Structures are given as C-alpha cells and as structure tokens.
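Fit chain B to the given chain A structure using the hints.
Protein chains: 2
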Amino acid sequence: MASNTAQTFAKNNPIKTDFPRVVVYCGADAKIHQSSLFYLHLFWAIIEKGRKLGFEMIPLMDTRPEKGRFGAPPEMVQIEKAGSIDGYVAIMAYDSMVEWIRETGKPLTVLNGSSPDVGFDMKEMAEMSIRRLAAQGAHSLGLMIPPEMANAEVLEMLDEVSEELNITINYEWIMVSHKPMEIKGYHQFQSLWDLKSKPDGLLIYPDVMSRGVVSAIVERRLCVPEDLKLILHRNAESPYVVPFPCDWIEMSADPIADGLLEALQAKLQGKQLPMRWIHFKLVPSERLAGF
Amino acid sequence: MASNTAQTFAKNNPIKTDFPRVVVYCGADAKIHQSSLFYLHLFWAIIEKGRKLGFEMIPLMDTRPEKGRFGAPPEMVQIEKAGSIDGYVAIMAYDSMVEWIRETGKPLTVLNGSSPDVGFDMKEMAEMSIRRLAAQGAHSLGLMIPPEMANAEVLEMLDEVSEELNITINYEWIMVSHKPMEIKGYHQFQSLWDLKSKPDGLLIYPDVMSRGVVSAIVERRLCVPEDLKLILHRNAESPYVVPFPCDWIEMSADPIADGLLEALQAKLQGKQLPMRWIHFKLVPSERLAGF
Numbered sequence: 010m011a012s013n014t015a016q017t018f019a020k021n022n023p024i025k026t027d028f029p030r031v032v033v034y035c036g037a038d039a040k041i042h043q044s045s046l047f048y049l050h051l052f053w054a055i056i057e058k059g060r061k062l063g064f065e066m067i068p069l070m071d072t073r074p075e076k077g078r079f080g081a082p083p084e085m086v087q088i089e090k091a092g093s094i095d096g097y098v099a100i101m102a103y104d105s106m107v108e109w110i111r112e113t114g115k116p117l118t119v120l121n122g123s124s125p126d127v128g129f130d131m132k133e134m135a136e137m138s139i140r141r142l143a144a145q146g147a148h149s150l151g152l153m154i155p156p157e158m159a160n161a162e163v164l165e166m167l168d169e170v171s172e173e174l175n176i177t178i179n180y181e182w183i184m185v186s187h188k189p190m191e192i193k194g195y196h197q198f199q200s201l202w203d204l205k206s207k208p209d210g211l212l213i214y215p216d217v218m219s220r221g222v223v224s225a226i227v228e229r230r231l232c233v234p235e236d237l238k239l240i241l242h243r244n245a246e247s248p249y250v251v252p253f254p255c256d257w258i259e260m261s262a263d264p265i266a267d268g269l270l271e272a273l274q275a276k277l278q279g280k281q282l283p284m285r286w287i288h289f290k291l292v293p294s295e296r297l298a299g300f
Numbered sequence: 010m011a012s013n014t015a016q017t018f019a020k021n022n023p024i025k026t027d028f029p030r031v032v033v034y035c036g037a038d039a040k041i042h043q044s045s046l047f048y049l050h051l052f053w054a055i056i057e058k059g060r061k062l063g064f065e066m067i068p069l070m071d072t073r074p075e076k077g078r079f080g081a082p083p084e085m086v087q088i089e090k091a092g093s094i095d096g097y098v099a100i101m102a103y104d105s106m107v108e109w110i111r112e113t114g115k116p117l118t119v120l121n122g123s124s125p126d127v128g129f130d131m132k133e134m135a136e137m138s139i140r141r142l143a144a145q146g147a148h149s150l151g152l153m154i155p156p157e158m159a160n161a162e163v164l165e166m167l168d169e170v171s172e173e174l175n176i177t178i179n180y181e182w183i184m185v186s187h188k189p190m191e192i193k194g195y196h197q198f199q200s201l202w203d204l205k206s207k208p209d210g211l212l213i214y215p216d217v218m219s220r221g222v223v224s225a226i227v228e229r230r231l232c233v234p235e236d237l238k239l240i241l242h243r244n245a246e247s248p249y250v251v252p253f254p255c256d257w258i259e260m261s262a263d264p265i266a267d268g269l270l271e272a273l274q275a276k277l278q279g280k281q282l283p284m285r286w287i288h289f290k291l292v293p294s295e296r297l298a299g300f
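For the protein sequence lines, the chains are A and B, in the order given.
The numbering used here puts the last residue of the first sequence at 300; the count rises by one with no breaks.
The numbering used here puts the last residue of the second sequence at 300; the count rises by one with no breaks.
So that you can see chain A by itself, here it is in the shape it has in the complex (with noise of 0.2 angstroms):
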C-alpha cells in the first residue's frame, strides 16, 4: 500500500514544490565519537523544527567511513533526482566534509568548522562554572576540556577570574582531550588525582568524558562536594545519574536547532545573519540542597 502510495504521491508531486528543498547533513561518524547519540538528537531536532517550517526536510546521515569521505554522498544521486535543493543544514561535519556543499553555491548553515552560524559559548560557560565552583568552597580549580576550548580567550579569562576570586588554576590541571571518549575522562582523572598538588574544584566537559571521571572519583573513595566540588556537564537530552551530588552545565538541542533553521532561512532571502551563541545554562544539584 505505501509504497504504492509514495509512487502515486511521486507522479502526482511535480519536481518542483513551493516548500523549500533542505538537506540536513549528519557527519556524525557513531564508531568514532561517542559524542553520536546528542548529535542524533540534534539531527532530529533540525528535521522536525524545518517541517513545522514548511520546508521539505531531507535527511542526509553520512554513512560512509569517516576516511572515505570524498564529494558528494552517494545518496545525493537520489535526492537531486526528486527535485532541485533550496538549502543545506550541516552539522558535525568538518569544513572538508562540506566542501561540496559550498561549490554548489546554494545556502548553508553549519555548527561546526571554522566560519560556523551558531556556535557554543564555550567562554562564558567556563567563567560561570569557575564563579559557581568558587562560590561553593573551592580554592583551586582543574578542568578537563576539548582542544576548541583551550584557546587563547578562554585562559586569559581563567587568569583574570582566577585573580579576582583569589583562586588557584595549575596550568598542570587543564587537561585538553582530542576525540572524548568515557575513557579517556578515567585515565585523566587517575593522572590528576596522582599528582604532589591537586585541585579541589573541578569542571568536566563533555559528558562522555565525565561518565569516566565519575568512576575514577568513585573508586579513589573521594567525597563529593567534601573533597572535591564537581561540574559536569550534560545534554537536557540524554541526562544520567551520578552517585553524588553535583551541579551541571546544560546544553540543549532545540537552541542550536533554532539558530541553524533561522540562519538557513535568512539566508534563503539573501541576508546573513551575525553568528548566534548558544549558551549553557548552569543547574545546581536538587541534592546539593540537603548538605
């Protein structure tokens, strides 16, 4: 019956609709970053919000091995096929991966690479995290944090903050970590914890990261928030538990889905929008409340 249907509802449709044509490209690779799972969310997020839109929402997941990605997926053969494309909506999906999309001259939004339409504000999420660690008891701050973060910007603000609220940030405490992975944050923490000088306040970003380090603290028998006060951080998404009480830096999809799809559609009518920041929202522990 469907099937049929979808032939019908092919020969019926002419090629070209007034609903704008977007192709929503997921470079995710689910073997390589276990990151996937927010991104899927993502992706999900991006189609449904275009279809209440009005757009016509192709989604176009890369599923060819990271290494082989070269022009144009194969699908795209199909997709061109049905009708012409309006727009395009890429996400964790490096410049390289997007550079057929580019040559097409065709409107593009992107979360990542390096001339992004929304990006994450990874600087005030780290100035408020430090402020709330601080406010809590903390005298001396670690943080474990990906390469995108630990740039010039952001630890100039760690000196300048870290001055004003007489804190210590050993430069020996900021792990940076290529490619998150849960356990990579186990062996960090271990690293950290069998250091002469520990810190006791700590940031952790991104979740896949933290699940590790929450198991290294729990085997090291630490008290959290005694020994160490903890931020971690989570999608609104896919939120987990932890065996202690600790406040969280949240991220959400529907922000960065927004941007992307008010970007795309500016640029649809010939404007450019100025890069939009998706801020973090900070949640203290429910738990916290009772120590």
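The hints are simulated quantities; they were obtained by calculation from the structure and are not laboratory data.
Just to be clear, a hint being listed does not mean it is correct.
[To be verified] Think about it this way: if two alpha-carbon atoms lie no more than 27 angstroms apart in a straight line, the pair counts; the simulated DSS-like pairs of lysine-lysine are: (1) Lys290(B) / Lys188(B); (2) Lys115(B) / Lys115(A); (3) Lys58(A) / Lys205(A); (4) Lys90(A) / Lys115(B); (5) Lys90(A) / Lys61(A); (6) Lys90(B) / Lys61(A); (7) Lys61(B) / Lys76(A); (8) Lys90(A) / Lys276(A); (9) Lys290(A) / Lys193(B); (10) Lys207(A) / Lys61(A); (11) Lys207(A) / Lys132(A); (12) Lys90(A) / Lys188(B); (13) Lys115(A) / Lys58(A); (14) Lys193(A) / Lys207(A); (15) Lys193(A) / Lys76(A); (16) Lys90(A) / Lys205(B); (17) Lys76(B) / Lys61(A); (18) Lys61(A) / Lys76(A); (19) Lys61(B) / Lys205(B); (20) Lys207(B) / Lys132(B); (21) Lys58(A) / Lys90(A); (22) Lys132(A) / Lys290(A); (23) Lys276(A) / Lys58(A); (24) Lys58(A) / Lys188(B); (25) Lys193(A) / Lys290(A); (26) Lys61(B) / Lys90(B); (27) Lys90(A) / Lys115(A); (28) Lys58(B) / Lys280(B); (29) Lys58(B) / Lys58(A); (30) Lys132(B) / Lys76(A); (31) Lys193(A) / Lys132(B); (32) Lys193(A) / Lys205(A); (33) Lys76(B) / Lys193(B); (34) Lys115(A) / Lys76(A); (35) Lys115(B) / Lys132(B); (36) Lys58(B) / Lys188(A).
[Said to hold, decoys possible] Pair by pair, the computed Cβ-Cβ distance ranges are: (37) Glu108(A) / Gly128(B): 42 to 48 angstroms; (38) Ser206(A) / Glu173(B): 52 to 58 angstroms; (39) Ser105(B) / Glu108(A): 39 to 45 angstroms.
On a predicted model such as this, the values are computed, not experimentally measured, just so you know.
Backbone N, C-alpha and C define an ideal beta-carbon position, used for all residues, glycine too.
Coordinates of chain B only, in the frame set by chain A:
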C-alpha cells in the same frame, strides 16, 4: 564539484543497475530510546558490510515522530524515483512500522518483530549468567530484564537451574522494565535494596539500565563483588567504565549485521534460512583476577 559529479553520475547511470538495491530501514527514535547509539552502530555495520557484498545500500532512518509513522517515510519517494528496490533490511522497528515494506512483496529481513530473521539468544545468556554468578559464590539471584526476556521459557529455565545449583531466585527479584532507561535502572535498584530480603547476585540487561544501577550501588556504599556479584550487559561498540570489578555479557553489531545480510541474500535467491540466533559472550572482569 561533487554536486555536479552526482548529477553527471545520475545522468550516466541507468535506473536499473546490476547491484541489488537494498534499503536499510531504522525505526529507532533517539528521543525515546536511550539504546539508539547501539542501533546506530548496527545501522552503520549493515550498510558497510552490504556495500562490501556488492549491494547498493540505501540508508533510511525514519525521522518522523514515532507516533506519526503510517506507511512509507516521505524519503521513499526519492529512493523509488532513482530505481526499483530489490530488498529491505529493517532494524529497531515494530511490526506496524514495516507493514508498508511487507506489502511491496519484496524480500525483507528483520531483527525485531514477530517473525525475525535474527534474534538474540536471551535464554542462553540468562543461563550462562546464572551459572557464572553461582560459580562466583552467589547464593541468591535477582534479574533486571526487558519484557521480551521475561517469557515462560526463560522463567522455567530459571526454576530448573536454580534448583540444580541450589540457589534462590525470588520472583520479587525479577524486575521487568519496558523502555529501559538509566534513571529506571537507578530507581529499580533502590526498590530492590529496600526489600527485606535481597539477592547477593544480580544480572542487569541492557546497558542503559546498568548505568543507573551502578550509581545506585555506589550510593548505597555496597562493595562489589564482596556484598554483591554483578553481571552487566554491554555492547562491544560502546563499552563503559564501572568503578568496581564485574563480569560482562557482551553483544556486538557485527554478527547481527552478518545474519541479516545473509538472510537477505538467501531471500533474494528465493530461499529462506532458519532464524539465526545471536549469542552473547561472557567477558570476565580483568580486574576480578586481583580479588
């Protein structure tokens, strides 16, 4: 460049190719299922392995909200325009979600649903786990399992094996949960541990439940394996870290993908293979050796 390449490719290629065109349908809704990451790995594995077999593999993730899935997804219009489909593979899909495929009369292999081509050997897994827990010194056993595992065959086996091994399995320790989630695992363990009598061995399936259970165990300050022997499920593609030694019941996407594709190859030749059972692997904790 690549977009033009895609168009040229489409022009130069006849609608019907020598490679069987296979649509891989994934019904996982990331919003609802925390296990979606495993199904993403499986989706990927099927597509990669299918391409190696010489099939033209067409990924089709159903991005409609789960409640609005009637008939074929809109993307089928484009896929059918590009040529006829020779076969289908469906994962993470209820019977109702693949009804439109069955109505095409084309070969279809499925993992879930009422007549699967590939199934998990849950009974064998449960028996293997019980024998292992008993060998580790457990005298009483609890289980957290999904409804598809709580069938007469498994329950009968539990009776027989517990009698043979002289261990107790109280029915109140068999906790069944629909739509497994981390927070459910957490609360189920808390209720289990509020009971007057508790088991000293526990099997938890699947991994998303386990993660919540681990947090609850740590909160209760229980020692594993001294107070409680544990066997947790994990997928080989998404391992996780726990802060104590425990054994694992491991599943992997590879043999599932192989089984579905072999069954499809047979159906394309007009043959029907018997249902293939996928076996779990017992992976002893490396750390248990130290105890």
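Next item on the list: Would you pick out the hints that fail for this structure and give their numbers low to high?
Entry: The structure breaks hints 2, 3, 10, 12, 16, 18, 19, 29, 30, 31 and 35; every other hint is satisfied.
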